[in-house]
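Given these sequences and hints, build the entire structure.
Keeping their order, the protein sequence lines are chains A and B. This note's numbering runs 10 ahead of the 1-based position in the first sequence. This note's numbering runs 10 ahead of the 1-based position in the second sequence.
You can trust all of the hints, since none of them are fake.
In this list, chains with the same sequence are indistinguishable; a pair is considered to hold if it fits within one copy or across any two.
In silico lysine-lysine, DSSO-like type, Cα no more than 27 angstroms apart, as pairs:
1) K231 <-> K372
2) K249 <-> K278
3) K372 <-> K343
4) K343 <-> K249
5) K127 <-> K168
6) K127 <-> K249
7) K278 <-> K127
8) K128 <-> K249
9) K231 <-> K168
Don't read these hints as lab results, they were simulated from the structure.
Number of protein chains: 2
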Amino acid sequence: MSASIRLQPGDTIGILGGGQLGRMLAQSAASMGLKTHIFCPEQNSPAFDVSAQNTIAAYEDTAALAAFADAVSVVTYEFENVPGPTAQHLASKVPVRPGVRALEVSQDRLFEKEFLKKSGVAIADFAEITSQADVETAVQNFGGQGVLKTRRFGYDGKGQTMIRSKKDIGGAFERIGNTPAVLEALIGFDCEVSVIVARDLDGNCESYDIARNHHENHILKTSTVPAGVSEQTQTAARKMAERIVSSLDYVGVMGVEMFLVRDGDTEKLLVNEIAPRVHNSGHWTQDACLTSQFDQHIRAVAGWPLGSADRHSDAVMENLIGRDAEDWHAVLKDPAAQMHLYGKAEIRDGRKMGHVNRISPKTG
Amino acid sequence: MSASIRLQPGDTIGILGGGQLGRMLAQSAASMGLKTHIFCPEQNSPAFDVSAQNTIAAYEDTAALAAFADAVSVVTYEFENVPGPTAQHLASKVPVRPGVRALEVSQDRLFEKEFLKKSGVAIADFAEITSQADVETAVQNFGGQGVLKTRRFGYDGKGQTMIRSKKDIGGAFERIGNTPAVLEALIGFDCEVSVIVARDLDGNCESYDIARNHHENHILKTSTVPAGVSEQTQTAARKMAERIVSSLDYVGVMGVEMFLVRDGDTEKLLVNEIAPRVHNSGHWTQDACLTSQFDQHIRAVAGWPLGSADRHSDAVMENLIGRDAEDWHAVLKDPAAQMHLYGKAEIRDGRKMGHVNRISPKTG
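What follows is the structure, given as structure tokens:
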């Protein structure tokens, strides 16, 4: 394998994961004349309908992985929990972009925080936790409050517990399953924002306008652009995101979640989490920018130059979660809305079924 | 079958034809949670990579057509030369949209012109031609000039011959193969423009801003929006297009090509040709409008409400024809350009390999 390989139209990108992100990546690849090959264990995955080839196999199936590596020019992934040995095995045969290091860092909250701190971006205070005693010490150091999160496999609010007062401390480590964790200082933040940043094989970066995110039940509900923050904050957020991807020698799109903390007239940003992939809070780019985050990721992993991340319209992205998807006809009737559905047959509570981008003329 | 059937997300649209238009229709359908089933005779068709199902069979294969009709909720097509019996056979089993009548009219230049005239839109003078003697009479009536075109199977300048002076008259009927034809009066037009119009199952119409088209070697090279015509001409063009689709009780997107004739300060429009399908001169809508022509056609044939045809940016669409596609890397380096490639393996002279949309802030 060559780390610097660049694809030609007609070449194939392998994608680990067949959910909605894999599906939208496959659609972007096809628009630019590239083929995709999806590898995932689930039958009837959303991405299968829009990709040229599929392999249904376990991520631990080394024979299937070897055949997959032979069939593609480069491998990318739609989720950060790709098992380490899977990524290592593939990386020995074919370039894996964004890369194995990005997976290692983002799969473990402790590694992630240590990496971010070392990169020089601001983050909330944190402490490594391996016991209930650690929880008690750390909470005391952080002013009696904090969020306890498992180091691995947490998402959409799973694997975490909030400590707001003394009564939340007892049994906290048990509540998250007595598993290695970190305690984060509780931040009195104004809102959560995110930056979608892309970096190409030559080290060039393009970052999108920052989005203001609103969650319901720990799941992203809306992303709004413009985010209503100062120009300085916008610039600072982009710089932080670009610093992070450059520190990782990253190739592809990354979602960087940040807390916006207001102190009087000043705005401060703390990086909360990074996702080494296209990100739900960047779905608005599909309809408000010439180059969407999916196009951008495909360009980067193909070894191609990035497109412009400029925005031509204002946008509000709304996730269609669970039974929200039953309102599809109302969405279609809204002339400002573009409906995106993921082709999932069964509606389940909390399941991301699709999203809507509502577009209006650019104001800022 | 029910003529008024409306699809649900997850339902399947059958598409006759697996070229780039079928491919881009399939991509739009997938974005809105619909599946597609491509029917076409050619192996390795561009649309196969992005559709859930494919049937490779001749358009005359009634058994294959019957199985196809059973597998889909509605049928549409990417080209107007669907054989009449194929369309009739399918229409007896499943709704065919835009419809059999639209095919009949657009497959035959004489029927098309008679229909347009009856609809009350302005067209160039024409005469039915069945012999060389007819050519001679008609040319005389039209001031010694004209364009002789076969009634059927003409496209991209094929099946036509220009009569500019006396010397072109002799042998003209033979040059187009002694086949039934029409002679059109030669129009001293300023430019060719086109309107992409959509009509839904309830009769609502949405038309896009008109595009100015430039051809090279009888093949569309660029479409530019705004077209640089007066507001009245813009309105007149939309009205003509909407009149045409309403006259046909049409469901779907139609491309209407018109000649713009300037007489001093006044602009006059003559309809040249209609295409009962998404149209090459509407590809700019993918990147300059919230709802592309492909989305719009899918919405219409699904029995869904139309999206807004509003334009958020200026656009120049350029076709990548034949070896133009070798310049793909230069296209990628232009930050204002969005590259669309059709996944065709082999470059051939005159073959449409892809297109580029170059986008800029809206000026008019």
